[in-house]
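Enquirer: Please build the complex by placing chain B on the supplied structure of chain A, with the hints as guidance.
As given, the protein sequences belong to chains A and B, one line each in that order.
With this note's numbering, letter number 159 in the first sequence gets 159, and the count goes up by one each step, no holes.
With this note's numbering, letter number 20 in the second sequence gets 20, and the count goes up by one each step, no holes.
No lab work stands behind these hints: they were computed from the structure.
It is possible that some hints are incorrect.
Same chains, same names: a pair is fine if it fits in one copy or spans any two.
[Stated by the list, open to error] Cross-link-like lysine-lysine pairs, in silico, DSSO-like; alpha carbons within 27 Å at most:
no.	residue 1	residue 2
1	322	365
2	20	45
3	18	45
4	408	282
5	370	390
6	390	170
7	333	20
8	327	315
9	197	327
10	322	392
11	245	212
12	282	245
13	392	370
14	333	315
15	245	327
16	31	365
17	354	45
18	354	370
19	322	197
20	315	392
Protein chains: 2
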Amino acid sequence: MPIIVQKYGGSSVATTEKIKAIADRVLATKKQGNDVVVVVSAMGKTTNNLISLAQEISSNPNRREMDFLISTGEQVSSALLAIALQELGQDAISLTGWQAGMITENIPANARILSIHPSRVQQHLREGKVVVVTGFQGVTEFGKDGDIMTLGRGGSDTTAVALAAALKSKTCEIYTDVDGVYTTDPRMVPEARKLDKISYEAMIELAGVGAKVMHPRAVEIGSFYNVDIVVRNSHNENPGTLITKESATMEQKNRVSGIAYENEVAAISIAGVIDQPGVAAKIFSALAEVGINTDIIVQATNTSGHTDISFTIPKAEANRAKEILEKIGEEVKAEKVTVRNEIAKISIVGTGIKNHPSYAATMFKVLAEKNINIHMIGTSSIRITCVIDKEKTAEAVQLLHEAFELEKG
Amino acid sequence: MPIIVQKYGGSSVATTEKIKAIADRVLATKKQGNDVVVVVSAMGKTTNNLISLAQEISSNPNRREMDFLISTGEQVSSALLAIALQELGQDAISLTGWQAGMITENIPANARILSIHPSRVQQHLREGKVVVVTGFQGVTEFGKDGDIMTLGRGGSDTTAVALAAALKSKTCEIYTDVDGVYTTDPRMVPEARKLDKISYEAMIELAGVGAKVMHPRAVEIGSFYNVDIVVRNSHNENPGTLITKESATMEQKNRVSGIAYENEVAAISIAGVIDQPGVAAKIFSALAEVGINTDIIVQATNTSGHTDISFTIPKAEANRAKEILEKIGEEVKAEKVTVRNEIAKISIVGTGIKNHPSYAATMFKVLAEKNINIHMIGTSSIRITCVIDKEKTAEAVQLLHEAFELEKG
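So here's chain A without its partners, still in its complex pose:
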């Protein structure tokens, strides 16, 4: 019997009414002749509520204890979904991360999955049960010496896709509040079109630069183990977007898959540092040590032997980064550390962009024609990102969506 793994996010299981609706959907999938494994997130705001309780006690609670605390959220929703399935007459069982055999690193709040031992999941499937697994969590080792770890951002998507891979399931369905992956944010561009299909590679890039629908981490696992991921709406029967291997069909179509934007970013410039080996390493190691992710790094050396280094970071980290950099700035004799908050990143993504310089040219030209100034540029082989003024975000996304004719299928 084919195995389908379905993942439902926090808003899909926010109330007992919604959990009952999910149970109907799971049962329909089971009745179509599939073995079904369901991965759930915590109900609605549960995780935030648990974090608030901890913060009433400590401003900086221990991360191992936080994982012990917040992992209960998915345990609650899993049990309730299993009960809802049983109420429909479908045999079901809920399993925690440790019961489902999810072994992780010992890195609280941000553990990666090391291995999955799904024998118990498989056993329950053979018994005809729907298996409901807590998303977002695992354990460092089996038995009483194991500690509960959570997987960090995109954790439940990651649980689902990794479990699909371990079960050799061909399909992992990620249920959310939208119909699938769009060419860009439909709230910003009404003409945005839902994609029927997108390659793993393009999805990873899109997700990495602001498309919120899926975390790149889960897509990477899908890509590695060749699991088809379908992003679907939990409120309707629409077919959603298939994230899969790149195919010839994809190549023939429009080579830009989508346009993403992020406007919760800040740009930091360190001007006039001495141009000698190790300076960049010093700066970025210091930021990495405290877990600040940097992006779009640009370095240019002027004729006087001094260098300007600029990069973007999440806006929430701006103050913390500035403090750290001002200390390091003295060491590397920087002239000035500048933080610019009112900026946005706009990206075009598509596997077809590879080796086609015309895409970059078109993008720059479209922005220039409307006097949208480009502060920084960053690229990967299938992505071009421009940093612009935040107030121009909507206009830029709209212009690029039109220029690359993304409204057309």
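Expert: For chain B alone, coordinates are given in the frame of chain A:
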């Protein structure tokens, strides 16, 4: 270093403010030179709230799923207490039942502890940590094949005393909202006196017939493993009541330790059944099968060869019991099944009662003098229980408290 196990109930950890207050108390015990293990219940109404969620989905939710669900309550309070201790600078770690090595039977909602493997608890104590353990729960076996079980009524007390036994701790402190064990309910008899000491045996009997302060199950474990149990108030520094082995000192004192009452009971009489072997077995097996506890069983045979059987049960079970018994009544040719709801059980308990018939005589006389009719009588070697009209409960408790001079130390 001596090990002290402390248990805090749901009302003691109902808010983050209360959890911080508990952390102060735990820290003080640690600073007095003890290794401290803390067992906690779920915060306030958490367990009831989780049960309500499940009942919104099913009127009869699966018990294994219910244990999976409600066991999260203690996990939350344990993590929060560990965080509160860390905030005070005290190294601490929370452990679930499975992490603390609590192995139970596979009987959801009412599992007994089979064995405890406290090596992980001991290791963390050696590291100087306070270990916070989730009460009320265990796991059927180590590793991913184990299922989470809850221990039923008195579960957190049982966790604490059993853990104290496994750790060879001499003392287990049970924190609650009252100063200790009283000669009777102080809300009913203002002269009720807090006991400094009571034997395991008398405590088990008292708890079995209505004293709510401790569950007999936990006291039985304490008795078996010789763990001193101290019942104390979590809001003050009063010394509480020591539950321990019976000693000569105890014998010299007043031989009645306390008076308990229960008025949520019903009496059932099955009149005129045929007097032949197997009839009583048939009746009580049928009730045991559906989990109805019977108490104070009285049987009398009349000259015509017919028998009347009477017994008490929890009032909440009265309707269910009546249905079952009416069916069986036909089989055993009973004349009538009567349920009497407006009754109460009044008990005097004390190790000194053993082999002293004068206690029973005094009890019956005191009640008779005030025209309080005794419907049924039940005894153990250290307890005498009378079933009387419910409306006479307060009067009877007051009379007996005076008659046995319990207000005197």
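Enquirer: For which of the previously enumerated hints does the structure constitute a violation, in increasing order of number?
Expert: 1, 4, 6, 7, 9, 12, 15, 16, 17, 19
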